[in-house]
Amino acid sequence: MADVLSVLRQYNIQKKEIVVKGDEVIFGEFSWPKNVKTNYVVWGTGKEGQPREYYTLDSILFLLNNVHLSHPVYVRRAATENIPVVRRPDRKDLLGYLNGEASTSASIDRSAPLEIGLQRSTQGMPGHSFILNFQNSILQLCIYLLFFFLKSNELQMKF
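No gaps in the numbering here: position 23 of the sequence shown is 1064 in this note's numbering, and each next residue is one more.
Simulated from the structure, these hints should not be mistaken for laboratory data.
Estimated spans, in silico, between C-beta atoms of each pair:
1. Q1160 to K1056: 19 to 25 Å
2. P1092 to R1161: 29 to 35 Å
3. Q1091 to E1156: 19 to 25 Å
4. G1069 to S1111: 30 to 36 Å
5. G1087 to V1116: 20 to 26 Å
6. P1154 to K1056: 27 to 33 Å
7. L1159 to E1089: 35 to 41 Å
8. S1047 to E1094: 16 to 22 Å
What you are looking at is a predicted structure, and each value in this text was computed from that prediction instead of being measured. Yeah, the Cβ is synthetic: ideal placement off N, Cα and C, and Gly gets one too.
Kindly produce the complete structure, drawing on both the sequences and the hints.
Pasting the structure below:
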């Protein structure tokens, strides 16, 4: 499974719908909490013995949704919604990566610990009942074969 920043980039480039529901962000059948840390290093951190800080998914989504605003207006709006801002020196590079203008960024920490997205239920998705019926049929076949195998071994042991 890919990291959340790569998934966000893929969805942004392909203009796929990103759903925010409560405290989670949903990308198709996978979701992450809004406050999950990405592997994009916050400008000015991780130097001179200081720990690296990483932008959260919520921070980056807020930037994407408010990219049309001037930086001062964006900062004020983020403050009113209590969302940490993407710092000005990171904006151009991060947006270039997220929009597919750059294939990577020097600020992406490939060694950062990543949280794996949760796979969501496919309930209500198109084809869901067909998939469940197919899975149930396979499960029933496996149970039948196991039962048959156990019965045949049981009969062989008696003789």
